[in-house]
Amino acid sequence: MHLIFDEYFKNYPVKKKIVETLYKNGISIIDDKFFLNNIEIPLSSIANAINVNRRTLYETIKFINKNTIVKGIMENISVITDESKVSLMMGNEMVTVYINIGSFPKVLWEFMSITKKYFSYIREIYSVNSDREENFIRVIFYNRINNDIFNELNNVPGINKIVINSPEKINVICEKCEVKVCKHKLSSEIERNTI
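The numbers in the sequence shown follow the working numbering, run straight up by one, and end at 202.
I should point out that these hints are in silico values taken from the structure, not numbers from a laboratory.
Some hints could be false.
The calculated lysine-lysine pairs, modelled on DSS-like cross-linking and capped at a C-alpha distance of 27 angstroms, are [stated by the list, open to error]:
1) Lys23 with Lys69
2) Lys123 with Lys176
3) Lys69 with Lys40
4) Lys183 with Lys113
5) Lys40 with Lys73
6) Lys187 with Lys92
7) Lys92 with Lys176
8) Lys183 with Lys168
9) Lys31 with Lys69
10) Lys187 with Lys176
11) Lys78 with Lys40
12) Lys187 with Lys124
13) Lys78 with Lys23
The structure displayed is predicted, hence computed values, not measured ones.
Start from the sequences and build out the full structure, keeping to the hints where you can.
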């Protein structure tokens, strides 16, 4: 997406900053209005958040509407719920594998093969494979996973760091691993039902 924005906004750095910020935050432009999924956001709120004036936003909207490719992109942006912020409180374990540029396909294949081998129940997977951003695979598991997974991941070429977010203290011996403990786990009847 960045390549498209680079091409169409190369002579307009402020408009490019606005469009990239909207895209990154999941805000679409439909009929000259801003939306977060189906909720309309006032233009003044967008201007304040991005720290630009309203006139600059109006000019950016006009510029977008003149270009069918950029208009099509901006009309179809939506937000996906990010469970990573609450998963630890629900007793789930989250593992983020940071990957060297160019190693994403091999690491993804190895990661999925290893987790399959240990019958790990995956709740959500999110990943980024880019030449501009940090590449990673973030997986939320329903429960704690077998520590042997980390020993195997430690030997996969292309992985530079593994961050394990757990609702309780765990002992992992892995050169690339970093463990973070969330002590705000909620307790409820739902938690007692295991998969």
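Hint-by-hint comparison with the structure:
1. Under the criterion of a C-alpha separation no larger than 27 angstroms, the hint pairing Lys23 with Lys69 is consistent with the structure, at around 13 angstroms.
2. For the suggested pair Lys123 and Lys176, the alpha carbons sit about 24 angstroms apart, so the restraint of at most 27 angstroms is met.
3. Distance hint between Lys69 and Lys40 is fulfilled; the C-alpha atoms sit about 11 angstroms from each other, no more than 27 angstroms.
4. As the CA atoms of Lys183 and Lys113 are separated by approximately 17 angstroms, the hinted pair is consistent with the 27 angstroms bound.
5. Annotation: proposed proximity of Lys40 to Lys73 holds, straight-line Cα distance about 15 angstroms (limit 27 angstroms).
6. For the hint pairing Lys187 with Lys92, the CA-to-CA distance comes to about 14 angstroms; that is within 27 angstroms, so the pair holds.
7. A threshold of 27 angstroms between alpha carbons decides the hint, and for Lys92 with Lys176 the separation of about 18 angstroms falls inside it, so the pair holds.
8. Only pairs whose Cα atoms come within 27 angstroms are accepted, and Lys183 paired with Lys168 is accepted, the gap being roughly 5 angstroms.
9. Taking the CA atoms of Lys31 and Lys69, the gap is about 20 angstroms. The hint holds against a cut of 27 angstroms.
10. Note on Lys187 and Lys176: the hinted pairing holds, with a Cα-Cα distance of about 8 angstroms set against a maximum of 27 angstroms.
11. About 12 angstroms separates the Cα atoms of Lys78 and Lys40, which keeps this hinted pair within 27 angstroms; it holds.
12. For the proposed pair Lys187 and Lys124, the alpha carbon gap of about 25 angstroms is at most 27 angstroms, so the pair holds.
13. At most 27 angstroms may separate the alpha-carbon atoms for a hinted pair to count; Lys78 and Lys23 meet this at roughly 13 angstroms.
Violated hints for the displayed structure: none, as all numbered hints are satisfied.
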